[in-house]
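Counting from 355, one number per residue, gives the positions in the sequence shown under the numbering used here.
Simulated from the structure, these hints should not be mistaken for lab results. Treat each hint with caution, since some may be false.
[Claimed, not checked] Across the chosen pairs, the derived CB separations fall in these ranges:
#1 R374 to D410: 27 to 33 Å
#2 R367 to W413: 37 to 43 Å
#3 G408 to V366: 40 to 46 Å
#4 L405 to R382: 48 to 54 Å
#5 K390 to V420: 27 to 33 Å
#6 D377 to V402: 33 to 39 Å
#7 G408 to D377: 54 to 60 Å
#8 W414 to R367: 38 to 44 Å
#9 S379 to L416: 54 to 60 Å
#10 R419 to D380: 54 to 60 Å
#11 L416 to R374: 31 to 37 Å
#12 R374 to F412: 45 to 51 Å
Since this is a predicted model, take the numbers as computed values, not measurements. From the three backbone atoms N, C-alpha and C, an ideal C-beta is built for every residue, glycine too.
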Amino acid sequence: MPSESKLAVPTVRVLHEYCRAKDESDRRAALIFAAKVLLALAGIRLAVRFLNGGVDLFWWWLTQRVER
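The whole structure should be built from the sequences, with the hints applied where relevant.
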């Protein structure tokens, strides 16, 4: 899985381009877009951690059953 810094680079580039825009609504749209992308990345990271924790819990439960 790519690191967060590699995934955030396109967001920063898009934000930079939109902030150079003359229209204030374009700037606002760029900020909203960047926030959505960063929140999505954080959600993906949290979901992966949750799934990894679930796998660890399952293996622990399975080894406990086998030992008995």
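Next item on the list: Could you tell me which of the numbered hints above are not met by this structure, giving the numbers in increasing order?
Entry: 1, 3, 4, 5, 7, 11
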